[in-house]
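Engineer: According to the numbering used here, the residues represented by the sequence shown are 2 to 830, in order.
If you are wondering where the hints come from, they were derived from the structure by calculation, not from laboratory data.
Be careful, since some hints might not be right.
[Claimed, not checked] Derived DEER-like restraints, expressed as beta-carbon distance ranges:
(1) R496 x T179: 37 to 47 Å
(2) E256 x D30: 47 to 57 Å
(3) V794 x Q56: 50 to 60 Å
(4) R45 x A185: 22 to 32 Å
[Unchecked claim] Below, computed lysine-lysine pairings styled on BS3-like, alpha-carbon distance capped at 27 Å:
(5) K811 x K788
(6) K811 x K666
(7) K100 x K541
Positions of the beta carbon are idealized from the N, C-alpha and C atoms, including for glycine.
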Amino acid sequence: MVAGLDLLSRATALFRKSNTTPFREAGRDAAREGRLADAVAAFRRHLELRPGDGQTWIRLANLLKDAARYDEAERCYERGCKLRPDSAEAWLNRGHLAKLQAREDLAATFFRRSFALNGNVETGRELMKLSSGPGSASVSPSLSGSIDGLVANTISGWAVDPDRPGEAAEIEFLQNGTRIGSGATSIARPDVAACGFGSTHAGFRILLDGAYRSDRGPVVARLVRSGAELANSPYQPDEDDSISRWLNRWSGLNEDRREELRRLFDDETDGFALSIVMPVYDPPIAWLQDALDSVLAQICTRWELICVDDASSNPEVGRVLAAYALQDSRVRIVTMGSNAGISSSTNAGLQAATGSHVAFMDHDDALEPEAVYRVLDAARHDCDLIYSDEVITGQTLDEIIQVVARPAFSQEYYISHPYFVHLVAVKRTLACEVGGLDPDMTISMDVDFVLRIIERARSIAHIPVPLYRWRTHAQSVGHAKMDAVMAATRTALQRHHERTGRQAVVSDGPVFNTFRHDAPPTSARTLIIVPTKDRLDLVKPCIDSLLATTTADILVVDHESSDPDVLSYLASLPDRVRVQRFVGPFNYSRINNEAVKAFGTGYDLFLFANNDIEAIEPGWLEHMAGLSMREDVGAVGALLLYGDGSVQHGGVVLGVGGPAEHVYKNAPHMLGAQRNPGYISGLVAVRDYMAVTGACLMMRADVFRQIDGFDELLVVGFNDIDLCLRVRELGLSVLFDGHAVLHHHESATRIKSQQLRHPEDTDLMSGRWADVLARPDPYFSPMFGTKAPAAHVIVTAIDPFAPVRIWRRKAGAGRPSRARRVAPPVEAI
């Protein structure tokens, strides 16, 4: 008994010393479940017992900020920052709060404090937004830079020598005392300049040498001249780095195992062959040899390489090509009589090709060893167009800048932003049928060619594996001639619309290589349906903004409001706003279904909108309507922002953090004066998703009735996701519209009343769509994993044999749609 009391006494003492209490854990659980009031109450109870827990003060402040209880939030941030003055995240969030309160001087002070602690990119961007005001003041002069990240063996960040801010800074890197790399700053970093540093090119991206290993401890980064360390140094690499493991996937492959794989790959692809067409014109010889060597290193042998020498002026080019042709008879050379350009030389290679499929390769890039096998494996499933993921490198192919993990095929995405470039393979007969590349085009001829292929293709496959290394350098056409690239691509897109009979005007998108497509004005009638209950602070800005930015009729469904101010406001609205009284328990699905039954006759389109959305500018409804009126489209969702300007909804992916999750959540909407394009420009595009949020969702009236509206068994949650999945079962697209931008104060009405607790809805959704949820979402790479948040970050092992995703054109439809599973390793939707 004495021993038990002693144990209890020691446990009690330990409990009193720690910051852990049951209230803190209860608060965390409540916050995860969206129970704001419960979370706030639990955290306050915890802090009564543990007032020195700075992290919980900050968590509480974050919740209060999100609930627009700004004064309370600031008091909590003040306590938290005093207790944790070295928390860059705390100062960053405090700066966000000051911005919401329009206190820019104070916001800049807090952002500078955060930036001075670790030089983080997000804070730098916030300061860049304030660069014309007080945010331009200098940060702590002791800050020499920051490590932003380490991708495989390439480290990136920024650095400035405080004594020589206008000059390039020399940096060196050490691991266990051994120097593993060095270099100088040279990359534009306007955020660093906006923070008060003198250099506009303070960024670096440096390839570490062969002595670096991710499992050998942290990397130290310091200025060569002074020895001052950068923020985030020592930097601890991820010992289980997915990209590093993928880069080394064949390192242990001995000759016997390679021969075994060769036989297996050749047997599986029997009857197919890949012709690789490579136009060649005066590349650096070492880069040309890298490209040639990568083809000769293919494990699968069913290939031919057609090198089209476009009258290179360097005689060494011809000698190198001839030597490789002697080494391997599958290397064939076509010589142009005079320099004809990429289009004509590619067409000459296409005419010489004999394979079942033809792929296109630049003379300074490289293929991964399994590239031919994976392409031909997809070709076995009767695919007309095949594309893969790729690796973007610096001037050295081992300098990994980024692994680009693409979604499955989306035609709307491609015409918004041609999101795949390499590796592309096409059935040879189809490539010849469309006439190859347009010889009159010197820029964007690849986009024009792919568009003509898409128009005729019956099946399009995406291989979610990087098969191509794209060497980037300042001399590439895309870097040197951006205006010409935009003009040429616009022309190709406009021709595409003319050939397919789609009426649309193409214009430049918000950022480079993005495009907007506007349909002619439609005479379709739209009814906007807005359920609400009390909360004048939400419903009035919502309705007022809809009246100011649209000409549509509005139906407000009043769910038993009792606030006299709300009732008075609803009674004062103009004639094009009608009010329907709904009585009974809250059921989002039933409220909307009853609204359509009572008032939906005569309307072509329905826009379902939460009472906490707020339109920002005119034109958004018309753009959504132009998409929704197309026969192949079933539902369209908007880009929604929190009140602080960060993203609340940029599309929905399935099977991440539960049945469904928003992508881009909390990402900044703006980067300085420019839109944040998002990953592969996904935030400024129109693109397919499995679902979009019902907070601002448009669909045709006939589609809504065909699927019998919302499922009333889903009372609160997932009714919008279920609706979208049933739309997709009709073979119709669900689109995210990055050109329709509104504010959304997420579920503010129901958080307070705890109606967001909907385990029954979760269970029903998970059971009904178990087969769909069991498969990786086609519009979210399997490399990104299934844990929330739905971030575009590679966190899982890259599987060289990841199943290919195939889309087949539905008979009579105007675009590819869902298809049945064909055979492993194929995933079809």
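Engineer: Does each hint fit the structure? Answer for all of them.
Structural biologist: Hint by hint, here is what the structure shows:
At roughly 57 Å, the beta-carbon separation of R496 and T179 lies outside the given 37 to 47 Å, and the hint is violated. A beta carbon spacing of about 56 Å between E256 and D30 agrees with the range 47 to 57 Å that was offered as a hint. At about 24 Å, the beta-carbon gap between V794 and Q56 misses the expected band of 50 to 60 Å. Distance hint check: the CB atoms of R45 and A185 are about 51 Å apart, inconsistent with the given range 22 to 32 Å.
With a C-alpha separation of about 33 Å, the suggested pairing of K811 with K788 is violated against the 27 Å cut-off. The hinted pair formed by K811 and K666 fails the criterion: a straight-line CA distance of about 33 Å is larger than 27 Å. For the hint linking K100 to K541, the alpha-carbon distance of about 23 Å falls within 27 Å, and the restraint holds.
In this structure, the hints that do not hold are numbers 1, 3, 4, 5, 6, in rising order.
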